[in-house]
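Assemble the whole structure, with the sequences as input and the hints as a guide.
Residue numbers (the working numbering), protein chains in the order written: chain X, 3 to 360; chain L, 41 to 189; chain W, 364 to 739.
Treat the hints with care, as some may be off.
[What the hints assert, rightly or not] Simulated crosslink set (DSS-like; lysine-lysine; CA at most 25 Å straight-line):
1) W/K613 to L/K64
2) L/K122 to W/K613
3) W/K421 to L/K163
Source of the hints: derived by calculation from the structure; they are not laboratory data.
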Amino acid sequence: MILINTTNYFGQLVAYLSDQMGIGGQILAYVIVAAIYLGFFALAGLLLVYVERRVAAFFQLRLGPNRVGPHGLFQTIADALKLLSKEIFGTNRKDNLLYKTAYYLVITASLVSLSVIPFTQGIQAFDINVGVFFISAVSSVGVLGILLGGWGSNNKYSLIGGMRSGLQMISYELSSGLAVITMVLLAGTLQMSGIIEAQRDTWFIIKGHIPALIALFIFVVAGTAESNRTPFDLPEGEAELGAGYHSEYSGMGFAYFFLAEFINMFIISAVGVTLFFGGWLAPFHLTDALPWQPLWGALWFFLKVAVFIFFMMWFRWTFPRLRIDQLLTLEWKYLLPIGLVNIILMAVLVYYNVLISF
Amino acid sequence: MYNELKADIENQFDQASFDEETAKYLIIEIAPDQYLALMENLRNKGFDYLFSMTGMDWGKELGVTNHLENTQTGQMLMVKVKLADRDNPELPTIEKIWKTAHLHEREIYDLFGINFKGHSVMKRLLLSEDWEGYPMRKDWHDETKMIIR
Amino acid sequence: METVTLNSGDLKSQEYFLNMGPQHPATHGVLRLILTLDGEIVKNIEPDLGYIHRSIEKQCEYEGYKQIIHLTDRMDYLSAHINNEAVALAIEQALQIEVPERVKVIRTIMGELTRIASHLLWWGVMGMDVGALTTFMYAFRDREMINDIMEETCGARLTMSYSTPGGVMFDLHPNFQKRVKAFIPHLRKVIPQYDELLTGNVIFQKRMKGIGVMSYEDAISHGASGPAARGSGVSCDRRIKDPYSAFATKDIKFNEVLYTEGDNLARYNVRMKEMLESLNIIEQLIDNIPDDGIQAKTKALIKLPKGEYLQRVETARGDLGVYIVSDGKKNPYRVKFRSPGFSNLNALIEIGKGHLIADLVAVMSTLDFVVPDIDR
Chain X
3 MILINTTNYF
13 GQLVAYLSDQ
23 MGIGGQILAY
33 VIVAAIYLGF
43 FALAGLLLVY
53 VERRVAAFFQ
63 LRLGPNRVGP
73 HGLFQTIADA
83 LKLLSKEIFG
93 TNRKDNLLYK
103 TAYYLVITAS
113 LVSLSVIPFT
123 QGIQAFDINV
133 GVFFISAVSS
143 VGVLGILLGG
153 WGSNNKYSLI
163 GGMRSGLQMI
173 SYELSSGLAV
183 ITMVLLAGTL
193 QMSGIIEAQR
203 DTWFIIKGHI
213 PALIALFIFV
223 VAGTAESNRT
233 PFDLPEGEAE
243 LGAGYHSEYS
253 GMGFAYFFLA
263 EFINMFIISA
273 VGVTLFFGGW
283 LAPFHLTDAL
293 PWQPLWGALW
303 FFLKVAVFIF
313 FMMWFRWTFP
323 RLRIDQLLTL
333 EWKYLLPIGL
343 VNIILMAVLV
353 YYNVLISF
Chain L
41 MYNELKADIE
51 NQFDQASFDE
61 ETAKYLIIEI
71 APDQYLALME
81 NLRNKGFDYL
91 FSMTGMDWGK
101 ELGVTNHLEN
111 TQTGQMLMVK
121 VKLADRDNPE
131 LPTIEKIWKT
141 AHLHEREIYD
151 LFGINFKGHS
161 VMKRLLLSED
171 WEGYPMRKDW
181 HDETKMIIR
Chain W
364 METVTLNSGD
374 LKSQEYFLNM
384 GPQHPATHGV
394 LRLILTLDGE
404 IVKNIEPDLG
414 YIHRSIEKQC
424 EYEGYKQIIH
434 LTDRMDYLSA
444 HINNEAVALA
454 IEQALQIEVP
464 ERVKVIRTIM
474 GELTRIASHL
484 LWWGVMGMDV
494 GALTTFMYAF
504 RDREMINDIM
514 EETCGARLTM
524 SYSTPGGVMF
534 DLHPNFQKRV
544 KAFIPHLRKV
554 IPQYDELLTG
564 NVIFQKRMKG
574 IGVMSYEDAI
584 SHGASGPAAR
594 GSGVSCDRRI
604 KDPYSAFATK
614 DIKFNEVLYT
624 EGDNLARYNV
634 RMKEMLESLN
644 IIEQLIDNIP
654 DDGIQAKTKA
664 LIKLPKGEYL
674 QRVETARGDL
684 GVYIVSDGKK
694 NPYRVKFRSP
704 GFSNLNALIE
714 IGKGHLIADL
724 VAVMSTLDFV
734 VPDIDR
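Structural data, given as structure tokens:
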């Protein structure tokens, strides 16, 4: 077990304010941290939608949004305002409670997972000792939201979409979990900051060599599937099901599902970067000697995440969609057995210390 | 080209008459009660492609014109059948001989009101279920829906 | 506490209906299919047509022969020119007009361009149906070039109404040959790119192979025609079987693309290869378009002699038949358009059964329906 002794700026803020103002200050600090996260959530969501549209346009011989603001940067903000001002209406016979709970579950799940991601040195809301485990646990709650949305809409297309989503996400949760465990074997801890600290000299993708590469492959496939993106966008499958589980949602109800999809993509990329590519660590200690370490850390973190996200967008705009049985075959017949064998391989390598490290 | 076929049909079906006004293909006119037998006979002679079924309204009679093709030899045939009873026109279905007749017969039922006995789904196809009348008949008039110059 | 024992027989699954269309992204228009589903498996398909039924056949009975041509654009709007040509040919056949050689060549080139444009659109939409969204933009980029060529000569991009009884509306635009010659190498260059993007993709291959199999006998029995039937090995190209326009008078060499598997991939491959064949045809004609006028002499008011006339042509979707019954007046007594899509839809009812919804969508797009063509 590696002992972590890094400063946590959010922790310091809470400690400082509760010192100054007692319990009121502590609550104030929590509210401030929550507000920062909500702000980041909204901004990242909007930015990712913008990036997705530009990247899609780049792949599709188009220009994409380029009218509102510089390079069309404010386009998604305008879209968000439009969605906010839209009337929310659904079908008459929807199950109102489930229908309205659904998007809160989805959005809460992705917002909560965001809290344990180390954006840079010391910027992390909770640095709990089961960080990775926490993420996979919390992100599973999102499935529930999608299932409820599919069921509560009282629409057959939504129902089919919801059921597909349930099948898909529960299956691929296994594979991504196994890929995470493989890498945790290298780190010896589930704590996010600990995992990064363990990579200070060698990133796990290099340290773990072959099993790490296999784990990365499994993780990317399972991650893409978990975030419901092409080639695994069967729950939506617009050519087959209209819009799948969110067919019956309008206005912000739809926007929540939409934002959650993009934030999930960010979370998966962030976890991937943390597990395989050293999180906010600079490659080859390039910027270790410079001042403003947290800022440099953030730069490297977001750069790596951006590359990851670009790859996921690349998949989306070039691959056709799988069929549901092919999807399950891929998971249960290929990814899961490979993942299990990979864990054993990694365990053996770690035990005999056949690892690359500088 | 068609002489052998013509003689063959003449022997088997006493109610068939021929029309060779268009030289390109043979036109057979058949009475409704021998229609199914003739069609089965033609299918066995190698006319495996039912090109189209056309509903017709000849003023007095309703009827169906079938275009048949032999995909091996390229021969074409036209089979006409006329139904004198305008109020309750009925024909046996040929859906079981050529699968394509399934939709064609539904269309003819919809637009001409010819009932194909034995068809699996004898419902309106193009128009809505509550439509009254058969619009492709010559005596169908609608003041609001038709503009006639 | 009471114990409840459940036997496997107590739990029953229930089939349910799903209303696919008339507003559904995969039905390409207003086709409505009433599906009976068991889970996601399609047990029964019942088409409900007529959402875009304009009774073109009835309208024709009240129009003169020259007007009819303009109605046919609106049937299969992706092969608009070939539809026009079919009616024009039927009228010419009835009046026994010999049209100038130039007209025949122009009609054939235009027809082949239309076919390519139609197949390009199909390819783009086909990709969308299986979830590859980028194909649409690629296909439309290249289809736009054909539309521009059409616009220059015919004055319209989609519903051209270019053929008239006895000839064509306008002479070719001076740019026509130049533009077509620029287009041919361009398409030859981009079709391998298409293959890289979609055809060679392993997911796409797995989605297409062995799905929606239509046997040779079934294809004939269903009255399938065009690429849908040629994917099952049925040789049914009207351009070869009973040549019309320049196919009859010029010595044009091209192959009929035949695949025998009868599945989605076969139908897909037929269309991809057909585009190249169409390019070959255009290439053989474009350099020597005869110069003998664009219009044969016809009367201002066309009256067909009493009789029945049938003209079959090969549209992008298959075998279009125009059957005109004339009683000698200025209006036809009865016009029947035997549309290829109508018969191909009949095939879908059978070959779509037993597949998943996702496969049904793929089968539908390889059969390439244009709904106005089915409804007329």
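We went through each hint and held it up to the structure:
no.	hint	result
1	W/K613 to L/K64	holds (22 Å)
2	L/K122 to W/K613	violated (42 Å)
3	W/K421 to L/K163	holds (21 Å)
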